[in-house]
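Chemist: Chain by chain, the residues:
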Amino acid sequence: MATPEATSKSATPRSPVLRPVSPHLQIYRPMMTTTMSIVHRITGVGLYTGTLLLAWWLVAAASGPEAYQVFADFISSVFGRLILFGYSWALIHHLLGGVRHFIWDMGHGFELKQVEVMAWGTLIGSVVLTLGVWALAYSMMGVL
Amino acid sequence: MRTPLSQVRGLGSAKTGTEHFWAQRLTALANVPLALFLIASVVSLVGADYETARSYLSMPLVSVGLMLLIGSGVYHMRLGLQVVIEDYVTGERLKLLSLIANTFFCVVVGLVSLYAVLKLGLGS
Chain A
1 MATPEATSKS ATPRSPVLRP VSPHLQIYRP MMTTTMSIVH RITGVGLYTG TLLLAWWLVA
61 AASGPEAYQV FADFISSVFG RLILFGYSWA LIHHLLGGVR HFIWDMGHGF ELKQVEVMAW
121 GTLIGSVVLT LGVWALAYSM MGVL
Chain B
1 MRTPLSQVRG LGSAKTGTEH FWAQRLTALA NVPLALFLIA SVVSLVGADY ETARSYLSMP
61 LVSVGLMLLI GSGVYHMRLG LQVVIEDYVT GERLKLLSLI ANTFFCVVVG LVSLYAVLKL
121 GLGS
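Residue numbers (our numbering), protein chains in the order written: chain A, 1 to 144; chain B, 1 to 124.
It cannot be assumed that every hint is accurate.
[Claimed, not checked] Under 10 Å between C-beta atoms, here's a sample of chain B residues computed to sit facing chain A:
no. : residue
1   : 47
2   : 71
3   : 74
4   : 95
5   : 97
6   : 105
[Unchecked claim] Computed from the model, here is a short list of chain B residues facing chain A with C-beta under 8 Å:
no. : residue
7   : 9
8   : 11
9   : 26
If you're looking for bench data, these hints aren't it; they were derived computationally from the structure.
Values in this document were obtained by computation on a predicted structure and should not be read as measured data.
Using N, Cα and C, we set each Cβ at its ideal position, and we do this for glycine too.
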């Protein structure tokens with residue numbers, strides 16, 4: 001039985017206690033859930049940077065035909081399309097990941113199977129929807 | 001008798017967590033339809049010339065939608081990157097500078113975009 005004195009003494013940082021340390025992240029096998037968790041964060045940071053593209057687009061449109069042409073040339077180049085493709089996938093993935101978080105916030109979807117299904121759903125859904133959006137865009141250009 | 005309270009005082013903020021959480025979710029909810037609106041807008045303008053793009057972007061409802069997207073989006077990403085910085089940036093000085101840079105970036109990008117939308121919407 002610990003006396004009150006002993007309890008307060010063990011909680012004092014002045015006498016450091018060597019506590020067990022958790023193994024670092026790389027020790028664990030990557031899971032679909034943990035991967036989608038960090039991808040949600042990475043796509044978030046990607047979208048953060050991607051707002052520069054949105055700002056450029058709007059400023060170019062507001063500035064006039066010449067400025068808009070510079071933006072249009074960039075975004076229709078192979079490099080520009082790659083960036084836009086990544087941006088659109090990140091946006092859709094982050095959106096679906098956000099919906100997944102809403103479901104959790106409402107107190108649902110905590111069963112192991114549900115968690116796994118939603119993680120896969122986020123990935124598969126984001127790829128399918130992104131390809132769908134691009135197929136729609138290309139068909140509007142008359143390419144598809 | 002001393003409680004452990006005195007040992008944790010001044011070691012960090014425990015004041016605005018709930019507000020941060022709530023604002024993050026509120027802007028996230030708003031961003032769902034607004035992001036879909038952005039995707040639809042961009043797809044509808046694929047391959048369009050300048051005049052088509054300009055006249056679309058100056059429609060009143062499009063302007064309002066874009067302004068809502070910019071406001072909610074910039075707020076959301078400031079909150080989000082704040083958490084990323086707090087998680088990964090060690091060292092108080094660098095962390096503080098990163099948090100300041102985060103706010104500056106979001107305000108500047110947001111204001112520049114809003115100004116462009118207003119200029120398009122209000123003409124000339």
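Chemist: Each hint needs a verdict: does it hold in this structure or not?
Modeler: Hints and how they fare:
{"no.": "1", "hint": "47", "result": "holds, 5 Å"}
{"no.": "2", "hint": "71", "result": "violated, 12 Å"}
{"no.": "3", "hint": "74", "result": "holds, 7 Å"}
{"no.": "4", "hint": "95", "result": "violated, 16 Å"}
{"no.": "5", "hint": "97", "result": "violated, 17 Å"}
{"no.": "6", "hint": "105", "result": "holds, 8 Å"}
{"no.": "7", "hint": "9", "result": "violated, 13 Å"}
{"no.": "8", "hint": "11", "result": "violated, 10 Å"}
{"no.": "9", "hint": "26", "result": "violated, 11 Å"}
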